[in-house]
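Student: These are the residues of each chain, in order.
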Amino acid sequence: MNFQFPDIGPVIPELIMTAIALIVLLADLLIKKKEVLALFSIAGIAAVAYTLIGSSGVTFGGMFISDGYSTFFKLIFFVNVILSVLISIKYIVIEKVNFGEYYALILFSTTGMMIMASAADLIVLYLGLELMALSTYVLAGFIRHDIKSNEAALKYFLLGAFSTAFLLYGISMIYGLTGTTNIKAIALYISEKGLTGNLSLLLSVILFTVAFGFKIAAAPFHMWAPDVYEGAPTSITAFMSVGPKAAGFAVLGRVFMVAFVSVKVDWVAILIPISILTMGVGNIVALSQTNIKRMLAYSSIAHAGYALLGIICANNEGLASMMNYLMIYAFMNIGAFAVITMLRSEGFRGEDITDYEGLAKTHPLSAALMLIFMFSLTGIPPTAGFIGKLYIFMSAINAGYTWLVVIAVIFSAISAYFYLRIVMYMYMKEPKEVVTLTKSPSTGIALGVAAVAVLVIGIFPSFLVDLARAAIKGF
Amino acid sequence: MEYYLLIPFLPLAAFILNILLGKEVFREKAHWVSILAVVGSFIIAVATLFDVISGKTLNEDLYTWIVSGTFKASVGFLIDPLTAVMLIVVTTCSSLIQIYSIGYMHGDKGYYRFFAYMSLFTFCMLMLAMSNNFLQLYFGWEGVGLCSYFLIGYYFHKKSASDAGKKAFIVNRFGDFGFGLGVIIVFLTFGTLHYLPVFNNMTGIVGKTVHLLGFDVSLVTLIALLLFCGAVGKSAQIPLHVWLPDAMEGPTPVSALIHAATMVTAGVFLVARCSPIFNLSEVALIVVALTGAITALFAATIALVQKDIKRIIAYSTISQLGYMFLGCGVGAYAAGIFHLYTHAFFKALLFLCAGSVMHAMGGELNIQKMGGLKKYMPVTYLTFVLGSLSISGIPGFAGFFSKDEILWLAYSSPNPVGKFVWLLGTIAAFLTAFYSFRLIFLTFHGKFRGTHEQEHHLHESPKVMTIPLILLSIGAIAAGWVGIPHLLGGGAHFAEFLKSVLGHPEAHGTHNEEWMVMGISVIVGLSGIGLAAYMYLARTDIPVRLAKNFSSIYRTLFNKYYVDELYSFTIVRPTLWTAKNILIGFTDAKIIEGIVNGVPRLIGKFSGMLRKVQTGLVHHYATIIAAGAFFIIALAILLR
Chain A
8 MNFQFPDIGP VIPELIMTAI ALIVLLADLL IKKKEVLALF SIAGIAAVAY
58 TLIGSSGVTF GGMFISDGYS TFFKLIFFVN VILSVLISIK YIVIEKVNFG
108 EYYALILFST TGMMIMASAA DLIVLYLGLE LMALSTYVLA GFIRHDIKSN
158 EAALKYFLLG AFSTAFLLYG ISMIYGLTGT TNIKAIALYI SEKGLTGNLS
208 LLLSVILFTV AFGFKIAAAP FHMWAPDVYE GAPTSITAFM SVGPKAAGFA
258 VLGRVFMVAF VSVKVDWVAI LIPISILTMG VGNIVALSQT NIKRMLAYSS
308 IAHAGYALLG IICANNEGLA SMMNYLMIYA FMNIGAFAVI TMLRSEGFRG
358 EDITDYEGLA KTHPLSAALM LIFMFSLTGI PPTAGFIGKL YIFMSAINAG
408 YTWLVVIAVI FSAISAYFYL RIVMYMYMKE PKEVVTLTKS PSTGIALGVA
458 AVAVLVIGIF PSFLVDLARA AIKGF
Chain B
519 MEYYLLIPFL PLAAFILNIL LGKEVFREKA HWVSILAVVG SFIIAVATLF
569 DVISGKTLNE DLYTWIVSGT FKASVGFLID PLTAVMLIVV TTCSSLIQIY
619 SIGYMHGDKG YYRFFAYMSL FTFCMLMLAM SNNFLQLYFG WEGVGLCSYF
669 LIGYYFHKKS ASDAGKKAFI VNRFGDFGFG LGVIIVFLTF GTLHYLPVFN
719 NMTGIVGKTV HLLGFDVSLV TLIALLLFCG AVGKSAQIPL HVWLPDAMEG
769 PTPVSALIHA ATMVTAGVFL VARCSPIFNL SEVALIVVAL TGAITALFAA
819 TIALVQKDIK RIIAYSTISQ LGYMFLGCGV GAYAAGIFHL YTHAFFKALL
869 FLCAGSVMHA MGGELNIQKM GGLKKYMPVT YLTFVLGSLS ISGIPGFAGF
919 FSKDEILWLA YSSPNPVGKF VWLLGTIAAF LTAFYSFRLI FLTFHGKFRG
969 THEQEHHLHE SPKVMTIPLI LLSIGAIAAG WVGIPHLLGG GAHFAEFLKS
1019 VLGHPEAHGT HNEEWMVMGI SVIVGLSGIG LAAYMYLART DIPVRLAKNF
1069 SSIYRTLFNK YYVDELYSFT IVRPTLWTAK NILIGFTDAK IIEGIVNGVP
1119 RLIGKFSGML RKVQTGLVHH YATIIAAGAF FIIALAILLR
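Chains A and B are the protein sequences, given in the same order. Oh and the first sequence: position 297 is 304 in my numbering, straight run, nothing missing. Oh and the second sequence: position 74 is 592 in my numbering, straight run, nothing missing.
Think of the hints as simulated: they come from the structure by calculation, not from any bench. There's no promise every hint is true.
[As the list claims (entries may be wrong)] Only pairs whose alpha carbons sit at most 25 Å apart, straight line, appear in this in silico SDA-like list of lysine to any residue:
#, chain 1, residue 1, chain 2, residue 2
1, A, Lys271, B, Ile1113
2, B, Lys590, A, Trp410
3, B, Lys590, A, Met401
4, A, Lys155, B, Ile1142
Bound conformation, chain B alone (with noise of 0.2 Å):
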């Protein structure tokens, strides 16, 4: 299995010369590096693949970068069911999408530049996946963080693109700063990084308790906790959500690959990864599932009244990636993990949708200024269409079987809010077929809103755009195929392929029971696009007057609860006043300008006594030398 080093490393070469040569050599065809790079790792990836279902696993050093007593910094790489699930997300994704990047992209300034950053992201989110220790682990954290700040403020001369950028950034700091916390205690505490050991030493801690701010808190819920703090970041949950939906100022690929398929569902793999630590903290779990239903429920109202095309998609992202948070809260590690990869489809497939409105609509986001677009671009409809089926969790799509399944297994779980988060999830999975649909309805239905030139330039994209579209949207109806639940009479092949390392959730229910669940979800799936059909169809005047009577609650969904007023006033605000006041006003303008103006005078007079020394003449500089000897014997000397 030792090919399988090329996955990551293929697309770092493919970086590596686009980055180097891109400007001046290949240019316009840039994207080719970048392709060949990312459909070999693909090829490679799906060869690991049969490998793993057959039995193999790997977990073994490359090399060690330090050792420092204890401390061993090494690559390393571990591949198993869960590695193999991940490579096939990401290398399908990341294929798929730069094909795409090709129409997308075309004739665009930076063109080698989005490929070699895609690379490199591709490159950092394979290192992540296929870590075995958590050093690397951070390593691609960090990495696919910084290339998603690349990518967001691609746009760089526009200001919005910027901050956004910088607002991803500063944002994941939070997370970040507990997932290194976590890190660092899991190290003080097992004395190694790597996986295996720490997961095979776990249950020694239990019971283990730290005194912290006068609580004790056990050891095992703060590890937990900690590295939960990353995901949160990383994937945009409450309450750090309010990066992801800013950052859309990216390219639309951008959106797709990082912003939805791979790099947000980082944090779900975090969780995964490490369930032999959650598993032993009830705490942590129900702060797990707690958070990803709430997340998946707020975030779904957001994007019901939502104008933007890509926004109320990414919010959409947030509400499912509440839902992959709620399955492995509840034990479903296996669940949340089959919707990663479902979601990581129909997602794409969204985004590269939405990409294909814009680029026919020159850049237009507002869905209010669409409709009836459905005759111009009949096969992005049909996709987007698709997409929007799977996400509403219709039976037979590939969102029904990963939705349904984590859905379930909350209804059925022993965790105490196990029948909370299930009803959260059920509402929120009305929600989302409604304003899934709501999108399809204003945007390709009814009359044109926009201006005559849009409407004189509308056009279906081109091939190479909508292959990758028709692609996905197999993946998005066939995707889940591979996890029919027993009740269906499949075989729920994914979850028992992540068995070995997932583990198997315990389920406490009947056959009537699971019947009822799954026509719950059926029943409010279709219901909520039966409403959507409704409204935004037959009676178009009723969104206008809800809104205008419900005017303060569609205010505050409008404006997403005023989170990021809350922020801006609790947190940007007061930081940016003490910046100004204190630090610059004070700290910097009086002690740090003081010492920075005042030691190069010290060190100027400092400098001039030592210039004075430095005279150039060497009887001088003998004379120190002796002097430096004679300073010595005499200290030598006298403090014998």
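Just chain A, with the same shape it has in the complex (with noise of 0.2 Å):
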């Protein structure tokens, strides 16, 4: 046989996130100062970004894609990475966990999303889908000494593996049908054999669809979201609520409309209750929820129903306004999260929604900067998220679902409710005991990033949704 060394040049930016994560694992044995670690991962992650811009290509004999849709998930995987790590630096320390693998473990979990978003194959895909979650799991669970940390870690652990049951069992279903993993040829082959029928096919579809459903915490497979983010460490909830969830949408996005576009039909049905169901969990029991970090893991779910609109519009616009979205919610959920964590102390937890009375009275700046953020998860201008709803809605009517947006705008009202009772706390209430905010200058960092993109974003939308436009040409 003879053996051809394949072209790694799409690979590369992969290769270097992994190299960067194991030096980070091997330094920590030398370096003591753990903040170091930080700085260098996200000097490194910097370094890999720049090397994004020449990846484009096929290798691995087109089971590795490099295309302006990967490019563009993989930002929003560094926004996610670099702005967690940020938030991490001084949080795990509060938390006395403050050890070295903690950012090897989210750098393998990013080349994990990396590879997924980049998968043209479905064993790649499962691959990077694997190391993403492994990672993650370990993370979930990093708080030790806390048993809610554990609890989360081994729920994470189980359901995951669940859900990995049903993607492995859809994967030898396509196999089985179509004789092929790779992407590109199962849609040929289905065009080619008249397979839109198949019942088989449908099949695997579903458990596609139950597979994926649980990355982006889909109703009704988002069970373990609420008791994960409540449990996972303040930081890594802020990492798991965007990265795992723009990676699983990055497959859904790339699975459903290129290996099964011509059954289209059939799971944008699946789709669309699945997308009311789940807007409609996440912002009513969001409603009821005392827990910041559970409310912002229902709130999670939710926005997860809105971004599903863009994939059932199935075209290239809705697939845009998804990347936007997605991109938007990094920042506005991680800036919350950055808020949250600055609440927690030695001895305070700061995760009760009372705990933020009166903020506005003893920490206006932090109060002000909360605020931009919920209004721009709740969608109002001039604020990112209002961008980011806009589109989305304006590519389902544009694809026919006008129903659809009036109800996901009836649930985003009724989101207001939620996200404005933090801000109705924070302005309106007298502070009850007084909070000290933990304030260091890296998490002041992530927050003006995550606030004045949140702003930026809002005011000049066109630089983003020309990006995501671009990025997705020749999809």
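Mind assembling these two chains? They're in different frames, but the hints should get you there.
Tutor: Structure below.
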């Protein structure tokens, strides 16, 4: 057999990312100050982001693809990982888990996401997904001395494994049906053989829906999210609420829009009730939460429901809006979590909604930032959240789903209640006790970046919108 | 011409700085930030004016916020002669009034807040004037309304002030509702909100009608009248004039800037800007002319008997705004804008003088309790007289040229109501001269009628207040000289300058007629002053006897024709009654609270169910995932 060394150009970012993660892991043995590792990771990610520019192409015999679509998602992952690392630096010290492998795991997880976004083959997809998931399971239980954190990790692991079984089952059925795991080849085979009405194909589409639905926390596969988000370290909750979700959307978009494009009608019909249920469960159950992390968990479920509308459009415009939405979501959600980590201090959890009472009087700047993020999550102009929702709703209307948008807007209106309740607590109630904020330069930078991004995207959206549109071209 | 961008954004920057840092950092120096910014804007506005005079214009989008199909929301600027005039008016008045405010607002608790809002207002007003599309116009329009609300209710601990703020806001809702509808119809008709394509395609819809409430209404007329609704609200014309007198609860510099010189003239600007629309609808023009003329006369009669110094000037503002609309209605847009421009100077001057008087009198507003202030405050007195001569249309002063141009163009206009509105305008001119000098004679002449304590405190205002008065009085005299009519040997430069935007009105009349109209206005102006002098200097018993003998007329005028009472009776009270008994008593208590309490109860139950589902047990969760999968599979197979 003639072995030819594959073109590694398209995969260079992933390679470097892995190398950085390994270096962090090794350097952890030598370096006492873990902040250095964090800064090294950020610098490394910046370098990886730079290598993205020239990395487009297909390699490993068509199993790995780097295109505009994957690059855009990788940018989301970088925003996610950089902001999460920034808010972690001080936070994990307070939680007394200031270990170096924390950063290594975050980097490995991000590498997994990147591989998912670039997967042109179901096996590669599975590989990336497992790398991401396994790292995240550990991160969720990173506060070893906290029973809630342990519980979160175990639940996440068990249910994650369960959902992976669905994925593997789906992959094996597709392989049995088409004799290939290559996403493009699957599409070709289905259309050539006229398998659109095939029952096994439909079955495997549903199995994929379950597995991906789990990753993006869509109802009814969302049950793990509130428990895991609440128990995990807050910085990891921020990380998980954006990264794995975005990665899930990346593979959902690629598999459904490429491999299963000829059975569009079927999976759209499946996704519509799922998105309605997701928005409904997310927004309604969030109303009655008293723990802010749990509330944001339900909020993140609801946002997955909105983003699903972009997939439901089943066209490039919808995908572009979905990507745009996820990027915006990364900034506003991690921004909100950054404020939450600041409330955590020695001997004070700061996770209860009532802890926010009168924050505007005691810490006006932090309250103002939280206000911006809450407005953005609600979707009030001129914040980025408005732009995200506007474009996603607009593409859904253009695709003919006006009634679905009406439902989404109603749920969006309901969501104002629980987001603005935080604002109300901060601005209209008297502080009951003095909350000391844990401030650190890195959290400050993360907050500043997130807030500026939310406002700038809200006022000058065309840059991001055009970027997403350009990324989707030739998909 | 790229530097023009700084004109609105300097005040915006000042607002941001002041609102963020004013309280902690700038404190009693907060005025510097705002004043430097607005003076900067003024200088650039002057440079822009020269550019425009040299023939440059500009119409470009700065950036696009949202694109959705054919809908495009963009920030764009249009710099043409009309904009240039507005820029000069806004930045000049804003600069001088803010400088004056250093003295007037000195020592106020919310000093930085005041200047921050003044900057924000200036920004919004400039955005409104510089816009090249209806959406940004609407943004600026609502923005100035919001600032007006903030500043009327500046002394928010005073109930009357916060009520007045609310009143202004609510009354403006009525007008803006129509305005908003007008903008929407423009978009639906033309598929764009930019002025240029809309105006260019306007002739294409002439003759089109829409079916409305059983009538066929011309589309052009409908658009024009809806836009005019907004103008009526913002510029306080009948029947939406009621908010402006109450708006005097705000600090006097606010009254001068927002409720005299700039914001309230936005309606006139809107009509002038949309002249290509109004020109195509005779009905709309007649409505505009009549509304203006009737308001001019109506407000002037109320001003005759009021006692509150600021309210008299407020009614005078309403009346003068009426003139501007009168001019626009007969197609003399340039004359309307000319009056807007001269009015800004003399009316800002009159308000600031009134503020100076209040400053000396310890906040007293009732002119019956003043008198003889001439010797205590000579600068205020002199400038007040100059402003009043200007508003009375005495030849040589700014007000004369603009008012005379409006009246002449009304008289000579082919508009069927031209002569009628000229007559109303001329009567109003007589009344204007009368009430303006009644105010002066009661305030500055005769004996002091206030308390001893007040008399003891009487003093001229500090320089920082009197210098803006002097500068404005120069404007009140000389501002009109740029528009001296051909008849008097001038070049009518102002109208020529605006001709490219606003066109040239048709005038059918001879030179003799023009002399006659001018002569009549001068005569009524002088006789108004003369009568005021006779009644309030020589025979002070006459006003008292008149009030007694014609008490019903006097009371009607003093109570402003009972319009507020009428609204209270027909709108406010029924609304409150409905709100209390139907909305709160029934809809709220039964329906909404039923839903509000019922839904949470339902959600509570639902939550309870979900909480049972959300057991925290992993195998339950796994079961649900599996059940979900099976459910979808079953459904998919069944529905095949």
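Student: Taking each numbered hint in turn, which are not upheld by the structure, reported in ascending numerical order?
Tutor: 1
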